[in-house]
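**Q** Chain by chain, the residues:
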Amino acid sequence: MRLRGLIRKEFLQVLRDPSSIAIAFLMPVFLLLLFGYGVSLDAEHVPIALVAEQHNADTESFASAFRQSRYFDPVIMTNMHDAVEALNSRKVDGIVDLREDFSRGMRNPAGAPIQVIVNGVDANNARLVLGYIEGVWAKWLEGESLANRRELNIPVQVQERVWFNSELRSRNFIVPGLIAIIMTLIGTLLTAMIMAREWERGTMEALMVTPVTIREIILGKLIPYYLLGMGGMILSVAMAIGLFGVPLKGSLWVLFAASSLFLFAALGMGLLISVVARNQFVAGQTAIIATFLPAFILSGFLFDISSMPKPVQVITHAIAARYFIAILQTVFLAGNVWSVILPNAAALLLMAGFFLGLSRRKSRKRLE
Amino acid sequence: MALVRKEFMALLKDKKSRVVVFVPPILQVLVFGYAATFDLKNIPYAIYNEDNSGISRELEAGFYGSPNFQQISRILRQDEIKPLIDKRQALLVLHIGPQFSRDLTSGRPAIVQIIVDGRNSNTAMLAMNYARTIINGFNNQLRERNGGAGPPAMLEARAWFNPNLESRWFIVPGIVGLLTLVVTVLVTSLSVAREREQGTFDQLLVTPLRPVEILMGKALPGFIIGTAEATVIILVTVFWFKVPLNGSIITLYTGLVLFLFSAIGVGLMISSVSVTQQQGLLGAFLFVVPAIILSGFTTPIANMPHLIQNITLINPMRYFMVVIRGVFLEGTPFSMLLGQFWPMAVIGLCNLVLAGWMFRRRLY
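One line per chain: the protein sequences are E and S, in this order. Taking my numbering, the leading residue of the first sequence gets 1, the next gets one more, and so forth. Taking my numbering, the leading residue of the second sequence gets 1, the next gets one more, and so forth.
Hints were generated in silico from the structure; no laboratory data involved. It should be emphasised that the depicted structure is a prediction, and the values quoted were computed from it without experimental measurement. Even for Gly, the Cβ is constructed at its ideal location relative to N, Cα and C. Heads up, a few of these hints could be off.
[To be verified] With a cut-off of at most 27 angstroms between alpha-carbon atoms, the simulated DSSO-like pairs for lysine-lysine come out as follows:
#1 E:Lys310 to S:Lys242
#2 E:Lys310 to S:Lys87
#3 S:Lys242 to S:Lys41
#4 E:Lys310 to S:Lys41
#5 E:Lys249 to S:Lys82
#6 S:Lys41 to S:Lys82
#7 E:Lys362 to E:Lys9
#8 S:Lys87 to S:Lys41
#9 E:Lys249 to S:Lys87
#10 E:Lys362 to S:Lys15
[Claimed, not checked] A few chain S residues that don't get close to chain E, going by computed Cβ distances all over 10 angstroms:
#11 Phe8
#12 Val212
#13 Val238
#14 Trp357
Using the sequences and the hints, build the whole thing.
**A** See below:
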């Protein structure tokens, strides 16, 4: 009964200050739209300078291979000087240089060298662009050998099979990751300030003189925000499938169960911050620094965890989003792989228990 | 001036506030600097070699000896592949068929199958590129040994400004912008709301201070804290992570000052419209999170759809990313960065004017 009253009070508070509703429902839609389209690692139409120092049939066939590729927007130039200038002023991301003796070189047994220069500032992008250039080159070689009936001497050929995401669409792994980040934000933001607010406004003392127990206070805070958070989650999943076309290979109920666990961990963390900080400025600052930034960088959302140095890998185990992202990417793209889902779910359960238990301990009915 | 001092004291008198403003950014630059890299090391892979000849072992050795790969198991049956990849134990499986050595000796192209876990498409693509490089090298070796002619044209690739393509050189300077933005916007966006909640803002308004002066008083602490933190992080970038600083420090700080100016403008703007601290925090979040993700910090702006590319034009961090990376890696001169400087100044100015106007409006 008392609990129901508290929940009712919390709901009324949520309804009065629409910022909580905005956090739960508008934020996921807004962020998912913006980031789902905005965050992409697939480079297309990369501007590139193609220097043909001498124009002839060979350079023309090479250039047309670039023109046909959807990855490149080649600009044909005739000397290296212009190309370097374009690279320096960031008009192009790379240079492919066919020297004057390109045609002659092609007819030598040693072959003609093609000089490739990329702007390496964005190393990841540069590497992908180099890979694409290699692809165009390999395709051109094949065409040339067919046209000239000269067999290509490539002893070992590679046949590539990409599982789960055969077109290598980066959106398919970024959108599930984004859901985890957005849920981290919602879960923590919703709860990070509520306890601190009660302390600052002095209503916590008022609550203490009533017969409600601490457990009831915490549950009274948790249940409304859990419902709000799950609403946001359902919205995000619907958008991921409906709007962004991410395939859902696993089952919805696994997704639902994992999200509940994660949400409890996130809400618990928010609650803990709020209980310890007792001050909205500190709570807010901690929430953004301790949740969003680590979830963004240390969770495996973009950066591969196994490539990090060992001490940093150890730190990532403390980030709840890490487990949730592993589950989301697997459930969305690979299916219900229990050997991935169960250990990660167990970790989430542990973290939820830890944070909630600790906030319970820290928030005794006591004035300082 | 007394107002600036008071703001500082309000911000720093509480020990917890002091700690959250200064300690996490320093720790984070260290942790994130190591964590935020797209470079793959120790890619876990498995070998399924049905051929088991000397020549296929040589190909295996190419992977075994590479610092990018780490062999986790050798498998003997086809159906062992799936569980390894499903469980994420192996990112890549190299499958050498039983015909491999026979095809090679008879001059037919021998086919090697590579199976990659595509759940993270970026990692998958990079792992595949590394594998292809090893196999290309192996092909060159074979050709040299057998004296066959190579392809009619070969690529010779080089990367400028970052010859080893270390993504850390790209990410760590970005972290300077990231952390500076977070701290400055948070410090300024909650400053007015806090006084409103405590009721001291009305008292401030009845003093002879003009709104411009109040605004200045609120802006300066954020500016000083932001500059100090950015300086520390820049020092860490240069001396700890050894990222080369090729350009001039004056250019860098011109960019930094303008960036702080715009970030403070946004923070004060948020502060002036929010009544409670919760709203201030929400506003700060709603600005900071998109500003970071859509700044080109991790994923290139050029990959975004045109509509979103246009939205990023009002994001001050986008310009600062170009400035800091240009100055650090390319040594870009001052004059070439003017195109990045003025938008930050305009964004800051617009927001400050708006914030000042909101202050005055609240009076009546």
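**Q** Does the structure break any of the earlier hints, and which numbers would those be?
**A** Violated hints: none at all, because every hint is consistent with the structure.
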